[in-house]
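Dock chain D against the given chain U, drawing on the hints supplied.
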Amino acid sequence: AQTVTQSQPEMSVQEAETVTLSCTYDTSESNYYLFWYKQPPSRQMILVIRQEAYKQQNATENRFSVNFQKAAKSFSLKISDSQLGDTAMYFCARGTGNQFYFGTGTSLTVIP
Amino acid sequence: EAGVAQSPRYKIIEKRQSVAFWCNPISGHATLYWYQQILGQGPKLLIQFQNNGVVDDSQLPKDRFSAERLKGVDSTLKIQPAKLEDSAVYLCASSLGGLPEGYTFGSGTRLTVV
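Protein chains in written order, with my numbering: chain U, 1 to 112; chain D, 1 to 114.
Bear in mind the hints are in silico, worked out from the structure with no lab data behind them.
C-beta: ideal position from N, C-alpha, C; glycine also.
Any given hint could turn out to be false.
[As the list claims (entries may be wrong)] Stretches of chain D that chain U covers, calculated by requiring three or more beta carbons in the stretch to come under 8 Å of a beta carbon on chain U:
#1 42–50
#2 71–77
#3 88–96
[To be verified] Going by beta-carbon spacing under 10 Å, a handful of chain U positions derived as facing chain D:
#4 Gln6
#5 Leu47
#6 Gln99
#7 Phe102
#8 Pro112
[Stated by the list, open to error] Here are a few chain D residues that sit away from chain U, every Cβ distance over 12 Å (derived from the structure):
#9 Gln17
#10 Gly28
#11 Glu68
So that you can see chain U by itself, here it is in the shape it has in the complex (with noise of 0.2 Å):
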């Protein structure tokens, strides 16, 4: 199967407080890519960051970081200090070949 899970349809989080979205894969391959993008209202998706399977060190940019856990097949995203501008619909996806596999998206909503 080529899913990718995200558990948690909503979020919500106190502004300059830490979140956590969940993500899940399956995959029988060794050599792929996870990323995350943001989905705002304006519908335009946004690369947050991105994992190359095979580095171990997890990636980070800024106040976004990832935990990458290649075994379980998770790579969750952290954000910190969380903004209002955060607030939109974050997808997971897993990059193999030619393809992306998204997840069905989590809406988070950063809280004044």
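Same frame as chain U, now just chain D:
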């Protein structure tokens, strides 16, 4: 650099009518993708172009959907005739180097079939 441009932003049509969406990728991006995003779901790939050739259209409902990318730049996605279940956001994306870099997405066209 300019982003991926898509038009129209919204479209409402009746079932059995036809509709077309347009996409202008980032200049120099050889690879172009069309995705369908049904409400509450993640995007699903419909078709991938490399320059003006089709790389993958295995999930494109070819009895009603068609797409072309003339001259390896702009692309058009057409639905004829539309069904109620085609209501979705249609996202175009482009890429310079393929999957490792991720793709740049447009803002999509929201199609409502009534």
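To see whether the hints hold, each was checked on the structure:
| no. | hint | in the structure |
| --- | --- | --- |
| 1 | 42–50 | holds (count 5) |
| 2 | 71–77 | violated (count 0) |
| 3 | 88–96 | holds (count 3) |
| 4 | Gln6 | holds (8 Å) |
| 5 | Leu47 | holds (4 Å) |
| 6 | Gln99 | holds (6 Å) |
| 7 | Phe102 | holds (3 Å) |
| 8 | Pro112 | violated (26 Å) |
| 9 | Gln17 | holds (23 Å) |
| 10 | Gly28 | holds (18 Å) |
| 11 | Glu68 | holds (19 Å) |
The structure fails to meet hints 2, 8 from the earlier list, while all remaining hints are met.
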